[in-house]
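Heads up: the sequence lines are chains A and B, in that order. With UniProt numbering applied, the first sequence corresponds to residues 1 to 458, in that order. With UniProt numbering applied, the second sequence corresponds to residues 1 to 263, in that order.
Among the hints, erroneous ones may be present.
DSBU-like mimics (lysine-lysine), calculated; alpha carbons at most 35 Å apart, straight line [unchecked claim]:
(1) A:351 to B:197
(2) A:268 to B:104
(3) A:268 to B:197
(4) A:452 to B:104
A few chain A residues that don't get close to chain B, going by computed Cβ distances all over 10 Å [as the list claims (entries may be wrong)]:
(5) 151
(6) 284
(7) 342
(8) 344
If you're looking for bench data, these hints aren't it; they were derived computationally from the structure. Beta carbons: idealized from backbone N, C-alpha and C, even for Gly.
Residue strings, one per chain:
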Amino acid sequence: MQLLILTIVLLALTGIGFSTGRRRALAVVEGNPRLLHSLPNHHGYLVALWCGIPALLVVVGWLAFEPSLLHALVISALPPELTEMSDERLSLVYNEVRNVALNGQTAGSDAVAEAARHYLSLRQTLFGATAVVALVLAVAGLAWARARINRDLRARNRVEQIVTIFLVMASTVAIFTTIGIVLSLLFESLRFFHFVPVTEFLFGTAWSPQMAIRADQVGSSGAFGAVPLFAGTMLIAGIALLVAVPLGLLSAIYMSEYALPRFRSVVKPMLEILAGIPTVVYGFFAALTVAPFIRDLGTSLGLTVASESALAAGLVMGIMIIPFVSSLSDDVISAVPQSLREGAYGLGATKSETIKQVVIPAALPGIVGGVLLAASRAIGETMIVVMAAGLAANLTANPLEAVTTVTTQIVTLLVGDQEFDSPKTLAAFALGLALFTITLALNAVALHIVNKYREKYD
Amino acid sequence: MNSPVTVHLPLGTAKVAARSLSVHYGEKHALQSVDLEIRAGEVTALIGPSGCGKSTFLRCINRMNDMVDGARVSGSLTLDGSDIYDRSLDVVQLRARVGMVFQKPNPFPKSIYDNIAYGPRIHGLARNQDELDEIVMTSLERAGLLAEVKDRLTESGTGLSGGQQQRLCIARAIAVGPEVILMDEPCSALDPIATAKVEELIDDLRDNYTIVIVTHSMQQAARVSQRTAFFHLGKLIEVGDTEQIFTNPQQPLTQGYITGRFG
Numbered sequence: 001m002q003l004l005i006l007t008i009v010l011l012a013l014t015g016i017g018f019s020t021g022r023r024r025a026l027a028v029v030e031g032n033p034r035l036l037h038s039l040p041n042h043h044g045y046l047v048a049l050w051c052g053i054p055a056l057l058v059v060v061g062w063l064a065f066e067p068s069l070l071h072a073l074v075i076s077a078l079p080p081e082l083t084e085m086s087d088e089r090l091s092l093v094y095n096e097v098r099n100v101a102l103n104g105q106t107a108g109s110d111a112v113a114e115a116a117r118h119y120l121s122l123r124q125t126l127f128g129a130t131a132v133v134a135l136v137l138a139v140a141g142l143a144w145a146r147a148r149i150n151r152d153l154r155a156r157n158r159v160e161q162i163v164t165i166f167l168v169m170a171s172t173v174a175i176f177t178t179i180g181i182v183l184s185l186l187f188e189s190l191r192f193f194h195f196v197p198v199t200e201f202l203f204g205t206a207w208s209p210q211m212a213i214r215a216d217q218v219g220s221s222g223a224f225g226a227v228p229l230f231a232g233t234m235l236i237a238g239i240a241l242l243v244a245v246p247l248g249l250l251s252a253i254y255m256s257e258y259a260l261p262r263f264r265s266v267v268k269p270m271l272e273i274l275a276g277i278p279t280v281v282y283g284f285f286a287a288l289t290v291a292p293f294i295r296d297l298g299t300s301l302g303l304t305v306a307s308e309s310a311l312a313a314g315l316v317m318g319i320m321i322i323p324f325v326s327s328l329s330d331d332v333i334s335a336v337p338q339s340l341r342e343g344a345y346g347l348g349a350t351k352s353e354t355i356k357q358v359v360i361p362a363a364l365p366g367i368v369g370g371v372l373l374a375a376s377r378a379i380g381e382t383m384i385v386v387m388a389a390g391l392a393a394n395l396t397a398n399p400l401e402a403v404t405t406v407t408t409q410i411v412t413l414l415v416g417d418q419e420f421d422s423p424k425t426l427a428a429f430a431l432g433l434a435l436f437t438i439t440l441a442l443n444a445v446a447l448h449i450v451n452k453y454r455e456k457y458d
Numbered sequence: 001m002n003s004p005v006t007v008h009l010p011l012g013t014a015k016v017a018a019r020s021l022s023v024h025y026g027e028k029h030a031l032q033s034v035d036l037e038i039r040a041g042e043v044t045a046l047i048g049p050s051g052c053g054k055s056t057f058l059r060c061i062n063r064m065n066d067m068v069d070g071a072r073v074s075g076s077l078t079l080d081g082s083d084i085y086d087r088s089l090d091v092v093q094l095r096a097r098v099g100m101v102f103q104k105p106n107p108f109p110k111s112i113y114d115n116i117a118y119g120p121r122i123h124g125l126a127r128n129q130d131e132l133d134e135i136v137m138t139s140l141e142r143a144g145l146l147a148e149v150k151d152r153l154t155e156s157g158t159g160l161s162g163g164q165q166q167r168l169c170i171a172r173a174i175a176v177g178p179e180v181i182l183m184d185e186p187c188s189a190l191d192p193i194a195t196a197k198v199e200e201l202i203d204d205l206r207d208n209y210t211i212v213i214v215t216h217s218m219q220q221a222a223r224v225s226q227r228t229a230f231f232h233l234g235k236l237i238e239v240g241d242t243e244q245i246f247t248n249p250q251q252p253l254t255q256g257y258i259t260g261r262f263g
């Protein structure tokens, strides 16, 4: 509540900074903005930024360091009989102090009650100090920046510099997140490889991640060969792409080259709805409709089909990713310049020759992009596989058998009550790292292929 | 407004002949009852201000207007005496006989060789690779491009300069062996040097092909054509020998346009 008020006050000061800077800039040149190097608004923004940014940084810093600072101060003020305890006990005591102070819990001892009062007063003092520092900085920044305004001040350039810094910061967030994810995967995987050799993980053909809870239990060591999982992933993703690429590409060609605009305006959004259906719903569909249908069909043909099969999951996943292929391909096909089509027609090419030999090659990089997006969706898909393809790690190329995928196994490894340092849980990170590497390599290869064979039309 | 003047040529020399040719785009009457004969072995320039119907006329000759939604054509238009808009006529065969070069160079994003070979391939003009090579080389030679590109036939056609691209498009049209070549402002996207080369080329091609060129540049019309037709607001105002049109126009509108008073 106090924080909210402080923030509002600071924002109001920033607003005042903008208007006063603007007015000051106009006053400096006696109301003739042509004499200014920068527009009055830029001077306003510059004052506002000087007023707001340092103060808000102080507030953010307080938010970041308040808990650890309070912790240290409260602990150091505790009576010696409490501080001499082990770290675990001490942190329990500190939690109790916080609960007494913040949630009105009854204190177990006088020392705790005293510490709680100390905690509250410290917090109040710290916040007060922060608020004073922030407000002083805001006012000082405002006054200083306002005083600097003159007709030659390059306010526009300064403001644009600061905005550039914000843009750079925004774009680095994604990069640092990626780096963070990769590092956390990497370190957890390294811990996993202490238990299981890398070669066994990468080339082992048996997957049975059962770790004994007690050391003397039967089957105390599991098998961590990831080959069946990756084979299963590739099998299902392959089936999905076999379904999605032809259907998606053909529908895109029809939509962009043949369909009447009215038909297209109705059907295209309907096709895109497919992308909006939750994957769990596809999972129902796969498990309850498609899988039994395939099993019955297979049985009537004299084949043995598992009731959970790679084929069922792959087919439904293929339907799911059609919109990725069709929608993106449709866009890039429509973006091929009309002049290229006219060039082909002018030489006496038929419509289908024009599409096959001129339009599709020109649109190919975009089409490959759509297929890649669809492939990464297929590789990363979990829910449909859990529901329709089962959890059995069979190493097989037969789409009629049950298989499992990397992502599905990651989920089952982490859902459970295993400790976080057992190989079973750590295996999830190794799987994630391997999957990440594979998709990265896939993207790099595809990018290379696209660059090599792309036909630039402008 | 002056009524359109019809100039009747002696029969038998006309390669393409329009009689009362009208084109509507939806409600718009883009071409109004045009009578015009294009003679074989000559360059005919179509001039006139923007929106006058000259490009529309050009695009009737190889039926490129078919692709425009709501375009309707009436009257008659013949190529060597047979009706271009006859139901039994195959538009693919028509376009093999009537080639086209567009305003903006539009080479396919393929190699220079494949650009030229595209037409012969789809029409099955070459029985083997040697014949195809022969057609490609001859076409490039005729388009005056061979010397510049003979060492890089496998490179992309889109990597050439604008003027080279346009000559590549002309070579691509020639490769199919057309009788008539339509050019829709072929130099409007080119610099003066590239323009001069294309104009030279048009002059060289005249012996073997009937050429119809739409242009906004009256100097160009004067330089490359033997006959000139002046269009205004969808009507054919005047047609005659180029020299006569530019030195002694019969119609005041033509006079006004070529002296730069409007347009």
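* To do: Compare the structure with the hints numbered earlier in the document and write down the numbers of the violated ones, lowest to highest.
  => 3, 7 and 8
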